[in-house]
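Protein sequences appear in the order of chains A and B. All residue numbers in the first sequence are consecutive under the numbering used here, ending with 408. All residue numbers in the second sequence are consecutive under the numbering used here, ending with 408.
Since the hints were made in silico from the structure, they are not lab data. Among the clues, some could well be false.
If chains are identical, the list can't say which one is meant, so a pair holds when it fits in one copy or spans any two.
[Claimed, not checked] Mimicking DSSO-like on lysine-lysine, the simulated pairs with C-alpha atoms at most 30 Å apart in a straight line are: (1) K5 - K54; (2) K120 - K147; (3) K147 - K401; (4) K127 - K5; (5) K120 - K16; (6) K177 - K9; (7) K127 - K9.
Protein chains: 2
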Amino acid sequence: MRFSKTFVKTLRTAPKDETAKNGILLTRAGYIHKEMAGVYDYLPLGLRVLENIKGIIREELNSIGCEEVLMSALQNPEPWEKTGRFSDQEVDIWFKTALASGGELGLAPTHEEPITTMLKSYISSYKDLPLYVYQFQTKFRNELRAKSGILRGREFLMKDLYSFHTSEKDLDEFYAKVERAYGRIFARLGIGEDTYETFASGGIFSKYSHEFQTVLPVGEDTIYYNTDKSVVLNKEVYTPEVLADLKAEGQKFDETTAAEIGNIFKLKFKYSEPLGLKYIDENNSQQTVYMGCYGIGVSRLMGVIAEKFADDKGLSWPETVAPYRYYLVGIGEKGTAAAEEFYRGREDEVLYDDRSVRPGEKFADAELIGIPYRVVLSDKTLAEDAAELTDRRTGESQMIKIADLMQY
Amino acid sequence: MRFSKTFVKTLRTAPKDETAKNGILLTRAGYIHKEMAGVYDYLPLGLRVLENIKGIIREELNSIGCEEVLMSALQNPEPWEKTGRFSDQEVDIWFKTALASGGELGLAPTHEEPITTMLKSYISSYKDLPLYVYQFQTKFRNELRAKSGILRGREFLMKDLYSFHTSEKDLDEFYAKVERAYGRIFARLGIGEDTYETFASGGIFSKYSHEFQTVLPVGEDTIYYNTDKSVVLNKEVYTPEVLADLKAEGQKFDETTAAEIGNIFKLKFKYSEPLGLKYIDENNSQQTVYMGCYGIGVSRLMGVIAEKFADDKGLSWPETVAPYRYYLVGIGEKGTAAAEEFYRGREDEVLYDDRSVRPGEKFADAELIGIPYRVVLSDKTLAEDAAELTDRRTGESQMIKIADLMQY
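Let the hints inform the model, and build the full structure from the sequences given.
Spelled out as structure tokens, the structure:
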């Protein structure tokens, strides 16, 4: 991308009511634009980051046999009434709206009810199971407060996966597969080491659910971890009874704040029972389908990664997530000609700062925008037949021969 | 994709209230699932079709310098009140909803107001112009009736592009570029020959707008075209005055029904004036930005293409749009082994019907799903070292040598 051709500019200030670091930096660096608290637009750079995150999640889910769909935001109340979840007392974050032809609709905050209902058209026999269906979909949640930038959205992008099984054993096995896939996803996104699978409260059908919590000062959750981090618990289940159940009593636990970026849940019959999702087994008798659900907050992840790696100069994306790999600057006539040459054919991996501004301003924006590698070509570097390559994270520079750079 | 591994099945029947051919066929063939009138889910095959259509549009728009963003569905009333369009009298298809923290929000039926407002943060000088910004975004329109399958949605996918200029001449030039890009898009989608750029009513600032209308029996619009189809008009402007203005008086016009798949509009100051989108020109004086807007109904396009090419056996996608290029069937032990070999490494272009059902059922589903080429491998074809390749549209079959097929 040529910087001179994009409408996006880096901004000196973010909106006055933006207090979260991710919101301030992503706005100033030109990734997002705030419509209102908890509602953001994604600008070209931000959309590329979202797509990179989606791409990694999609690859890992497809590799374990999941199929992608796209369900609607508008929700018919009927299936939600069967589970009791259309009630504002039960689910307090609904956006509801009136249909012109009569009746009330909801904007989906999640999709258990519609997907369970939809699959009644496709599941009839044990031969149709297991199934794993996911989507990247915009969710709506009518939060009373939303002050954490894109960490907590009223409108946000989520990946939600639902699995369908004939037995608890099969559900357990797939659940373990998703745990491993999530591990690979968060590792590829650069936050694997600081992300813990955390025990959280279950529900009617399960003792525990699991959350994936990334250690983060501004995280809204409090988690407890033992010395070797083999047992990590959300505050809500940090009780003597649970510690005993997990055989962790007497161990020393430390507390930290964290952001929940994913959660997985053995639903079992929670939705399939009230919604009547059944199948005929090998013995020709009718059975209820076992279900699991598995979420990842995609736009929240973008915010978590932004917060996690930011420093006083700006953002610093992991290579796998960054909108571009290189931030290219040419200085002087020769440097600019060499930059143009490097840029050609690399439009998709290079953010080429061809603006008529001072190099110092370009360098500052390179740091603010947080592209992993800065490439500078100038008389000085060309005298050595080289470019200066600077690592955003370490700040270290090296001279790299033009020929080597071209193959990089 | 292996047919045995997908949750989707072809269905004998569509929902009883589904009367549109596109809705019936797309449901029966497993592309979509109806949530309610005008609201559909996109299943794996349907999502692939949508993505193919988006890919072609994206390529052509990027080639004329457009930048992709993603704006929010939830709308703050403020900018819409400035243009008078938050009023239900003015715009009668709003879905509105209440924010928990107070106030009313709308679900965007289009995005002129928010994008004009957003760009006030990024446009200050003539040097910032022109700009072309687009998105693929889910729109919401509270239609009283929605009985045309995915041709008219209450929730639907749209591509909306907005352009920003310093002069009417620059707007006119870009408008002409978009006209040509739309021509290329519809040609690549296989409907170029039946799609006409049609004069339609303008507005305060323009005499005419243009629609792109695809001839279709169930289309909701009526258009008039002269003998050489050089002048095509929407019924709303088919008047003696307009014919005179277009120097087409006295010519013979025929009538047909058509579906509007795109529209382009010179907005000029319609939104920039009330919303205050200004810039400083070369002479340091403040000017109002000229705007244009350019829509394509992406999910509607899917419905139009489905309707247009369907026959009594089912769907028949153009190659550029089809979810897969080949529908693969292996018959007998050897045929199945050869099919498995062909499938390997072609997972992304082959829908491999590996189900344990009769070949006749597979052939019928191949036609219903409408994949461009059917490949059959059997003892009979293998005796000739060949496969049978059948064209979905012509129904013609040819034997093609395995070696040639592998390179195809």
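If the cutoff is 30 Å on CA atoms, where do K127 and K9 land: within, between, both or neither? Let me know, please.
So K127 and K9 pass the 30 Å test across copies only (12 Å; inside, 55 Å).
Please sort K177 with K9 into within, between, both or neither, judging by C-alpha distance up to 30 Å.
The answer is between: 26 Å across copies meets 30 Å, while 43 Å in one copy does not.
One pair to classify: K147 and K401, alpha carbons no more than 30 Å apart. Within, between, both, or neither?
This pair counts as neither: shortest intra-copy Cα distance 47 Å, inter-copy 64 Å.
Homomeric proximity label, K120 with K16: Cα distance no greater than 30 Å
Cα proximity of K120 and K16: across copies only (16 Å, versus 49 Å in one copy).
Between K127 and K5, at a C-alpha cutoff of 30 Å, which is it: within one copy, between copies, both, or neither?
Result: close only across copies, 10 Å inter versus 54 Å intra.
One pair to classify: K5 and K54, alpha carbons no more than 30 Å apart. Within, between, both, or neither?
Both, since 26 Å and 23 Å are each at most 30 Å.
Treating 30 Å as the Cα threshold, decide for K120 and K147: within, between, both or neither.
Between copies only: 23 Å across, 40 Å inside.
When the structure is compared with the earlier hints, a violation turns up for hint 3 alone.
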